[in-house]
Amino acid sequence: MKNKSSILLLLLFVCQLASATEKDTITRFTYQKMHLKSLSLEDDCDACGCSASGGSMGFSSMLNSNFVGIRYFYQSYTSRDGIFANSPWVDENFNTAQVWARIPVANKIQISALVPYHFHNRMLSTGEENIDGLGDITVLAMYTAIQTMKDSAVYSHKLQLGGGVKAPTGKYKSSNNLGTVNPGFQLGTGSWDYLLAAEYVVQRKKLGLNTMANYTFKTENKKLYQFGNQFNYGSTLFYLFDVDQIKLVPQVGFAGEVYETNRQYKQDVPDTSGDILFGKFGVEAGINKFSVGVNAMAPINQNLTGGKVEANYRWSVNLNYSL
Amino acid sequence: MKNILKYNFAFVALALFLTSCNSDDAVITNVSGTGNLVLEFDQSYGDNDLILSQANATSQGETLKISTIKYIVSNIVLTKADGTIFTYPKNQSYFIVDESKPSSHVIDLTDIPSGDYVKVKFGIGVDQQQFNLGADGQGNFLAEAQAADLLWSWSAGYKFLAFEGTFTSPIVTSDTSFMVHTGQTGTDYNYTEVTLDLPTKALVRPTITPDVHLIADVSKIIDGTNKIKLTDYNGMGMGAMIMSGAALPLVTANLNGMFHVDHVHND
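Top to bottom, those sequences are chains G and U. Throughout the first sequence, residue numbering follows this note's numbering, covering 1 to 323 in sequence. Throughout the second sequence, residue numbering follows this note's numbering, covering 1001 to 1267 in sequence.
Just so you know, these hints were derived from the structure itself, not from any lab. Hints should not be assumed to be uniformly reliable.
Mimicking DSS-like on lysine-lysine, the simulated pairs with C-alpha atoms at most 27 Å apart in a straight line are [to be verified]:
hint	chain 1	residue 1	chain 2	residue 2
1	U	Lys1201	G	Lys173
2	U	Lys1090	G	Lys266
3	U	Lys1229	U	Lys1065
4	G	Lys266	U	Lys1229
5	G	Lys266	U	Lys1080
6	U	Lys1201	U	Lys1121
7	G	Lys158	G	Lys247
8	G	Lys205	G	Lys158
9	U	Lys1229	U	Lys1201
10	U	Lys1080	U	Lys1121
11	U	Lys1080	U	Lys1090
12	U	Lys1080	U	Lys1229
13	U	Lys1090	U	Lys1101
14	G	Lys222	G	Lys158
15	U	Lys1201	U	Lys1065
16	G	Lys266	G	Lys206
17	G	Lys222	U	Lys1201
18	U	Lys1121	G	Lys266
Could you build the full structure based on these sequences and the hints that come with them?
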C-alpha cells in the first residue's frame, strides 16, 4: 500500500510538472514556458538524440545502489557538414557534467534523478560553434520487484522496474541545426518525454551481470518537432575485488541505442532513424562511502542518421557518495 | 509484478494523454491563407559539390574544369497532394541560377496558397510563347538575361543554359576551352520542362516556409543519357563550341535528368 501511494505521488508529481507549462504554478517552469515560446518557428533536419542524458550509459553504479554523485562524460562525433559526398566532416565534442542520484524513498522504491549541464562545441566551415546550458532533467522511479537474499543462494537476483519523465529543461534551438549537420547538437529535445526502465542484476559470489533496458517515448515539442522514440539496452559483467578497505570493480560489456524516425509537422523526417552498438569497459573503486568510476565506450557497429553522423567514442568519470 | 505492469500502463496512458494535450496542431491543420516557398538550387558534379575550376572526369575519358554554369529557371508549377495545381504567375516566373552567385541559388516564391505540395515542375529556358511576345513583352527579364550574358541577341534569343570551362582528353592534351549553350536553333526550340516529386511534403502555411533543396548535377549536361565527347567538337582545335546543330536537342534531353530534390525543410 505504501508503495502504491508512492507511485501515485510520483504520478502526481509528473502531472504537476506537465501542467506547469500551462498553469505557471512553478516559477522555474514558468520561465521554461516563456523560453519555449520565445523560440522562433523554424526547424531543421533531424536528430540522433545525442542530447539525451547519457543514453545507454545507464543510470546506475555497479558498486552502490543508492548514491548521490557527479559524473562528467564526453562524447566525440564526426558529422558531415553538407549534403554532398565531398562535404567536409566536422568534429563535434559533447561534454556533459551531471549531478545524479539514486535515493531510496520506500522499502522497495528508489528515485533516480539526472540533472545534466551540457557544453558542446563543433568546428564548422563557418567557424566554431558553442552551446552550453542546463540539459533535460530526468526523474525515474524504480521498484524492486525481485530481490533474493544475498546469503541464501548461490545466485542472487535483483530485478527493478520503473518509469520516469524527462522534462524539457534543456534549450531546443533549431538554428543549431543548419544544413544537415548532426541534429543532436542540442541541449534538449524541447519535449516532455516518458521512460520505462528495467534493470536486472544477477550475481554469483563476486561475479555479477547487470542488464538494463529502457525505452523513451518522445513527444512533440512546441515547434511540432518530435524526436524518434529511443530504446537503450546494455549488459555489463563485473567482478568485485576486496583489497583491504578498497573495493575494486572492473567491468566490461556492451550498450546499444536504437532511434526511431523523427517527425516534423506529423511527417517523417528522412534519414533520422538509426542504431549504434558500443563495447564498453570501466572500473569503479570504492573507499568507505566514496567511489570513483571511469568508463569508456567505443562503437562496434553503427548506422546513425543515414551515415551523416558517426560516433567515435565516449568516456566518463564519476564520483559518488553512497547513501 | 502484475501491479507494476499496471503502473507502467498508467505511465503509457499518461504519456499519451500529455502528448495529446501538449501540441498545437493548428499550425498545420489550418490550411488557409498564403505562404512562401523557397526553391534552392545547388550544383553538383556527380555526388560531389561542384567546385568551379576543379578537375572533374567524365565517363568519356575527358577531364573538365568548369568555370561557368548558369541557367534560366522558369514557369514554376506546384502540385498539391490532392492533385490541385498552382501555377506561379507567369510574368514573375523567370529566374537565373548562376553557380558563381550564391544569392541566385535561392528562388523565393511568394503568395502561394497554403497546402501540402508534393510535386514541382519548372522549365529550363524561356518558353516559345513568352519569346513570341517580342522584346517588349519580356519585362525586366530581358535586361537581366543580358546582364548575365544569357542573351545572344534579340533575334537569336536567350541562352537557356551556359556551361563553360576547359577540358582535356587523350587526344586534346592541353587545356582547351569549351562552351555549351542551349537555346533555339533553326530547327529546334530546345526549351524543356522538369517535373520532380518531393520526398517530403512541402507544407506551405502563413507561418511555414518550406525550402525545397534541389541538386543540379551538371555532369549530366554532356554526360547524361546522351554522351557527348567535347573532343569531337574541337575540329578546328579552337575549342569545343556546342551552340547549335544536332547536339543541342541531345543536351536538352540530358537536362531533364539533371535535377533531383535532395530534401525538403519545412521551416
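State the violated hints by number, sorted upward, taking the hints as numbered earlier in the document. Numbers 2, 4, 9, 12, 14, 15, 16, in rising order.
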